[in-house]
Structure formats: structure tokens, C-alpha cells
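> So the chains spell out like this:
Number of protein chains: 2
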Amino acid sequence: MKGNKKISIKEIAELSGVSVATVSRVLNDNGRFSEETRKRVMDIIKEHDYTVNMAAKSLRVSKSKTIGVVVPDINNEFFSTVVLEIEKFFFEEGYSVFICNTSQNDLKEEAYFRSLDSKLVDGIICISGREDIPLGVIKRNIPIVCIDRKPKSGTNAIYVESDHYLGGFMATEELIKKGCKRILTLAKGKSLSVNKQRLQGYKDALIKYGFSVDENLIVKLNGNRSSFEEARDIVSYLIKKGIEFDGIFATNDWRAHGALVALQQNNVSVPEKVKIVGFDGISVSEFCYPPITTIYQDKKTIALEASELLYKLIIGEEIKGSRHVVIPVSLVSRGTT
Amino acid sequence: MKGNKKISIKEIAELSGVSVATVSRVLNDNGRFSEETRKRVMDIIKEHDYTVNMAAKSLRVSKSKTIGVVVPDINNEFFSTVVLEIEKFFFEEGYSVFICNTSQNDLKEEAYFRSLDSKLVDGIICISGREDIPLGVIKRNIPIVCIDRKPKSGTNAIYVESDHYLGGFMATEELIKKGCKRILTLAKGKSLSVNKQRLQGYKDALIKYGFSVDENLIVKLNGNRSSFEEARDIVSYLIKKGIEFDGIFATNDWRAHGALVALQQNNVSVPEKVKIVGFDGISVSEFCYPPITTIYQDKKTIALEASELLYKLIIGEEIKGSRHVVIPVSLVSRGTT
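Respectively, the protein sequence lines represent chains A and B. For the first sequence, position 324 matches number 323 in numbering that gives the first Met the number 0, and the numbering has no gaps at all. For the second sequence, position 62 matches number 61 in numbering that gives the first Met the number 0, and the numbering has no gaps at all.
These are computed hints drawn from the structure, not numbers from a lab. Where hints are given, some of them may not hold.
The list makes no distinction among identical chains, and a pair is therefore deemed to hold if it is satisfied within one copy or across any two copies.
[Said to hold, decoys possible] Using 30 Å as the maximum straight-line C-alpha spacing, the simulated DSS-like pairs for lysine-lysine come out as follows: (1) Lys177 to Lys239; (2) Lys9 to Lys138; (3) Lys118 to Lys138; (4) Lys45 to Lys118; (5) Lys118 to Lys38; (6) Lys176 to Lys272; (7) Lys87 to Lys138; (8) Lys219 to Lys87; (9) Lys149 to Lys38; (10) Lys38 to Lys9; (11) Lys299 to Lys187.
Source: prediction; values computed, not measured.
Sequences and hints are given; from them, build the entire structure.
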């Protein structure tokens, strides 16, 4: 027992044989250290009782070192991949990441914002969902970054998204360049900014290449069943009804795969008779047979951009540049075109 | 302003035109109610100031009304489906659910247990991962329920799992009954209880039907790449090497799909020349072409059993019956057998 001898965090670190950052993590009780390390640091701290407790306390009140990620559906690989990259980024910075799933339910979303706020998270990343953020339920002024979700004007929120318009354009252009003349699009009915942009890209590509936009070829799915099933059944229905088309732009990869299976089941050869382009670049597009040409969203960069922005806001750094970050998409050519 | 008139929660509920449960939720700030409801209730509360604040305070200290779910990989559909069912159950009971992804990293798991504990969650469900639970890092005595993870003996933990042994047995039996004589299994190298049980079921089915266990037909994948890619490449390799087999028991559906694609790419017809059975019953098994016969894990029942057990423990109800719950599996026959 050394009683009231003053001791600094640096000295604790030296005495325990770990870094200052590790001592800080142990004191904040928030990050990556083994049980052994914790014990070693705490033993040194106990030996020097009073003074260090003050230091620990002052560290403890600074930040909760947790963030929340609000996501509509972790069962969707695009979302879960982005969430995992965010988790990785923040864990490396010593943060815990609490993932909250809203199932696209507005009341749930409000409840989770409220709950994360009451748990004193240092910031929130919210992915997709409705356009406005339920800021009214948050009592503290904490930073929020959105992904694939355009906050209503007036809010000062920051958002990161793929270039959905260009993606829709490139997908349609690919089909046109491969000779398609009647291009069906399987779009999502819900009129979120993301869906509107992809559809506008499709229309503008048709017009640019001298085709007219045929509303009969724009199928809006209502999202009541899985993307795969909706797409499979509607494409089967259209084939049986005798609707002619030689290209399909599916606005996500599961829809593209549903279309592919419907064509195979109806003995329509892909890509000879009908070509398909999907969107997202998730495993199903790569791993089905034949693999599907798709518009690749750079999930890692999206997650990193959003994470870095949130991190800067949390530590009080200035955000230079735009508060709206657009990440490029790319065409991945595979067996269906 | 009615000043210090005493008022009960019941009266607040009547005056606000909502249920007692809703008033309680608003006071606890934890659950499902609209911003309008909150405002209405809070207005009544403000009118009756002092007395109700006491009630609010006493309610507030009772429970944090949050639980944590610790999961190795939300990008795995089996896990994410189970997590979503847990979330649904607890949200309906007025709880917020914080999902923590560990990427099968032990240090991360410890950090999340510590972090959930410091956020005062009322209980934790942990799915898969290593066999022991890092109880040492939790300071409070809160209930923990495990799924697909057999806690080391000595702990009093409760666990819920599918009948993995029977699943392995049924998969192999299906292949034998459909005429297979040389059955390859694509197993996971990591020797967790789940993997061991499925493999033992495979071996016991072979023996029961008079076959010998050929170690050359037991392929252990190391999990360094995706299940799909590992399975696809090893099956292609075995075909090229001339190893003979006419059945494949893949211990998850992505491995089954990888095997299917490898066979298709090598012009081996499925199910005529080689039959396949997967495990899990996730979308890829249903939606690939041909759809894959699989052992279906009842994800909803697994989640509900685990949730109900945790809920009972949280509210202090006695657990009758076993602390180890085994959920039946079933064979779903499809195009690959």
C-alpha cells in the first residue's frame, strides 16, 4: 500500500506494463483488453487508491464510448455488411456498437432513438428507413449520420449514399449496349429517394439512347413478400401473359435472382433471350448460376465514410467539405448480360 | 395547475386516454408510443407535478428495460433470423434490444459483455461462439440464455439448441434412402459442440445402414473464406482428382449451394449423379435452382424459447423443467435428392 502518493495515468501504464490507451480503456470500461490486463491495471490502481480514482472519474464522465446503429433489416445482406464495417471501425477506436433493428417500423425507430439516447451513446448512424429523422425524441445534442436516407431539408444532418441515379443509368445502358430493346424494370413501390433515383437513371438512359419510356415495362413491387419471390412470380406471370421483353433491370440482386429463376423455369435462356442486371453486389449475385451482372455498391467505403464523419463529429473535429457524400458505383459484368 | 393533488398512474392513464401500460412506458421512456402520446401523458403529468414525479422515479429505477443479444455474425442469415425473432418478442414486451456483433472474436465478446453490463441491460442472450461465457467481466448478477452454445459445466446457464445430432443423422439417412453409397460430408473444422453433433449423426447413420465411415470422405473446411467458396472449390478439386462420391451432406446451406454450383460447372447432373442435403433452411436453399433438400432449423421456435426463458428469469419467475432445451429439426425434401 502506497497510500496517497500521487500517480498519473502514464505511471499506471508503466507500472502495469501496458499503454496509456489501454489504461484509459480499462478505466472507461469500454474496450478491448483481456481480463488479465484489467486485473493488472486495477491492481496497480488499488495500490494507489485515492488520487487515481479521481482520474478515473474524470475520464469516466467524458464519453460513454458507445454508438448506436439504427438499421431497417439486418437480414438484408447489403445492410448487414455496412453495419459490420461500421462496427469494425468503431471497435478499433475503442467504442462499443449497439445495433438496433427497426423492421422499417416508425414507432420502433422512435423507440430505439429514445433508448439509445437514454443509454448516453455518443452518436448514431441511421441507415435507410423513412426520410426524416425522429430528432424530437432525442434529448441530448448528439451527432447523427445517415446512410441511404436523405434527411428532410432544414435539418443539418450529414448523409452518405451511393450514386443511385448513375447506377440505374449504367444498368440500363449495359442492357442497351448488349442489344436489348424492351427493358423491363423491377422497381420498389415505396417512393424513397433511393428508389426514385434508380428509376430516374433507368428512364434517362432509355431516352438518351432513343427509346421511349413504356410505363407497362415499369413494374412496381410492393414489398409484402421477399424480393426474390415477388420478382420470380411477376416475371413468370408476365411471360405467361405474353408480355415481350428482352432485358430486365432489377433494382436489387434478390429481385434479379428471382427473375433469373423464373426465366429458367419457363425455359427462357439467359442471357441469349433475356439479359439481366441487378443492383447491390451481394453474394447471391456472385454465387448463383449463371452469376448475375450487377451494379456494385461499395459497402465498405460507404461505411467508412459514414463512420469517419460520425467519429469526427464525436471528437469535435470540424467537417470540411460537403455534408452530402456520394460514393461511386460500378458495373460488374457477369453471365447474365 | 392542480398543484399538489395526489394522482395515481391509473388516473393519469384515464386523463390521457391511454392504458396504464402506456403511461408506464412513457415514464420509463423505453417503449412503443408515439410522440403525440408522450406529449399527452407528459402534459397530464406536468399538471400534477410533484406526486407523479415520485412515481415516475420509482418506476424508473426498477428495470432498464433493455436486453443485449451477442451474436457472432449478423451477416449469416441463420443468426440474423433468430436475432430478429428475439427482437420482435422483447420489443412487444416493451424492451429495447441491443444487438452486438462479435465476429467470433473472444476479446470483442468480452468487451461487449462488459459494455452491455455497464449499460445496465436486464439480461443477455448469446448465440454460438466459444463454449464458455465470459462471466468474469460481468459485475451484476443478470440472467443469460445461450443458443447453439453449450456452456461449460459448472455454470448454471440455460441453453437452447436444435437437435444437431438428429439433423446430421436424418440428412445422411435421406441420402442413403435415395440410393447413395459414397457420401461425402462438408463439415466445419472448428470443434464446437454443434459441429461435432452433426458429424456424429452422419457417422451413426452410415453405421446403422451398414456402411463404414471413410475418413477420406470427411472434408473439414477451415472457415477462412465464405462457406460457399470453400465448398465450391473443394468439390471441384475432388471431382478433378477423381474421388468418387454420389451424395453430399453439407453442414450448412451455403456449403450445399457451393457444392451444387461446382457439380453444375463440372457437368455432373444433380440429383441424377450426385445428391445433396444441406443444413439450416435459409433462403439460398429454397431459392437456388434446383432448390436444395435441407435440414430445417426452426429459427422462430429457437428464438421464442430462448426469449421466453430470459424473460421469465428477468421478471423473477421460476424456470420449471430442463435448463437445456432441444428444438426438433425437420427434413425438407427438394430438388437435390
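> If a hint holds in the structure, say so; if it does not, say that too.
Here's how the hints hold up against the structure:
In this assembly of identical chains, Lys177 and Lys239 lie within 30 Å of each other by CA distance solely inside one copy; the values are 25 Å within and 35 Å between copies. When the C-alpha separation of Lys9 and Lys138 is checked against a cutoff of 30 Å, the pair qualifies only between copies, where the shortest distance is 27 Å, while the shortest distance within a copy is 36 Å. Taking CA atoms no more than 30 Å apart as the test, Lys118 paired with Lys138 passes in both settings, with 11 Å inside one copy and 18 Å between copies. With identical chains, the CA atoms of Lys45 and Lys118 are at most 30 Å apart both within one copy (28 Å) and between copies (24 Å).
Proximity of Lys118 to Lys38 under the C-alpha cut-off of 30 Å is found in both arrangements, the shortest distances being 26 Å within a copy and 21 Å between copies. Taking the closest pair of Cα atoms, Lys176 and Lys272 come within 30 Å of each other only inside a single copy of the chain (15 Å); across copies the shortest separation is 40 Å, beyond that limit. Proximity of Lys87 to Lys138 under the C-alpha cut-off of 30 Å is found in both arrangements, the shortest distances being 28 Å within a copy and 26 Å between copies. Taking the closest pair of Cα atoms, Lys219 and Lys87 come within 30 Å of each other only across two copies (28 Å); inside a single copy the shortest separation is 36 Å, beyond that limit.
In this homomeric assembly, Lys149 and Lys38 come within 30 Å of each other (Cα to Cα) only across copies, at 27 Å, whereas the closest approach inside a single copy is 46 Å. Proximity of Lys38 and Lys9 under a CA criterion of 30 Å is satisfied intra-copy only: 17 Å inside one chain copy versus 49 Å between copies. Taking the closest pair of Cα atoms, Lys299 and Lys187 come within 30 Å of each other both inside a single copy (24 Å) and across two copies (27 Å).
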